[in-house]
Amino acid sequence: QQQVRQSPQSLTVWEGETAILNCSYEDSTFDYFPWYHQFPGESPALLIAIRPVSNKKEDGRFTIFFNKREKKFSLHIADSQPGDSATYFCAASPDTGYQNFYFGKGTSLTVIP
Amino acid sequence: EAAVTQSPRNKVAVTGGKVTLSCNQTNNHNNMYWYRQDTGHGLRLIHYSYGAGSTEKGDIPDGYKASRPSQENFSLILELATPSQTSVYFCASATSSAETLYFGSGTRLTVL
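Protein chains in written order, with our numbering: chain A, 53 to 165; chain B, 4 to 115.
No wet-lab data here; the hints were simulated from the structure.
A portion of the hints provided could be inaccurate.
Derived DSS-like pairs (lysine-lysine); straight-line CA-CA distance at most 30 Å [to be verified]:
| no. | chain 1 | residue 1 | chain 2 | residue 2 |
| --- | --- | --- | --- | --- |
| 1 | A | Lys120 | B | Lys21 |
| 2 | A | Lys157 | B | Lys68 |
| 3 | B | Lys14 | A | Lys123 |
| 4 | A | Lys124 | A | Lys157 |
| 5 | A | Lys108 | A | Lys124 |
| 6 | A | Lys123 | B | Lys68 |
| 7 | A | Lys124 | A | Lys109 |
| 8 | B | Lys21 | A | Lys124 |
| 9 | B | Lys14 | B | Lys68 |
| 10 | A | Lys120 | B | Lys68 |
| 11 | A | Lys120 | A | Lys109 |
| 12 | B | Lys21 | B | Lys68 |
| 13 | B | Lys21 | B | Lys60 |
| 14 | B | Lys14 | A | Lys157 |
Derived coverage of chain A by chain B (criterion: at least 3 residues anywhere in the stretch with Cβ under 8 Å from a Cβ of chain B; other residues may be distant) [claimed, not checked]:
| no. | stretch |
| --- | --- |
| 15 | 114-122 |
| 16 | 152-164 |
Quick caveat: nothing in here was measured; it's all calculated off a predicted structure.
Cβ coordinates follow ideal geometry from the N, Cα and C atoms, glycine included.
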C-alpha cells in the first residue's frame, strides 16, 4: 500500500520556468511533510519541510503548498536552474514520537538551459 | 554537520551467501534507519532503531535482519542473499524529534 503518492514520475522544464511537483497522502495522522532532493550519484538530502499548521512554506526559490482538506501538497521551484536537475522525493511522517517516514516514488526533474 | 558512514560502498555477493552492511554515525542520534532504493519504488524502509539494543521492522523487512549494538552502529544483515535484494541501500540517522534524516553515501549491493 503506497502511503504517499507522487507525480509526475519525470518532469522537464526550461530554465526560468516554475517546476511543480505533486504529492498526496491518505493517512490523516501524518503531521510532517518534508521534501528531499537527490543528485545523481549522491544520497538524498532534506530540501524543505512543512507542518500542517501552515499551508505554505517558502525557502528562496522553493515553496511548499499544503492542502490539508484534500490531503495534497506540492513543491514549486521558481526560476528553475539547470543545477536543480535532480530527483525529488516527497515524504510524510505521523506524529508518533519516533518518526517513521513514508517516501513517494520520486520525480526526476530535468531543467534545460 | 551530521556524519553517517556506510561500508562497503560496493558489494558483490552470491545467492545464498551472508551479507552484512554496516553503518556508523558520530552525531549521537537516537534514531537510525535502513532504506533500499530501487528505480520506480523510491525509498523503502527495511528496519529502524530508537537506540542501542532496539530494532523495529519497517515496511519491507522480509529477508533482512538488523542489529544495533551501540548508539553509533547499525547493521543490516542478509542471512541468505537473493538476486531480488540487488539494490542500493541507504542508512540514515536522526534525532528523536526526527525532523531531518541524514543519509549515508549508500551501498550498492549486487547479488549474483
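Which numbered hints fail: 1, 3, 6, 8, 10 and 15
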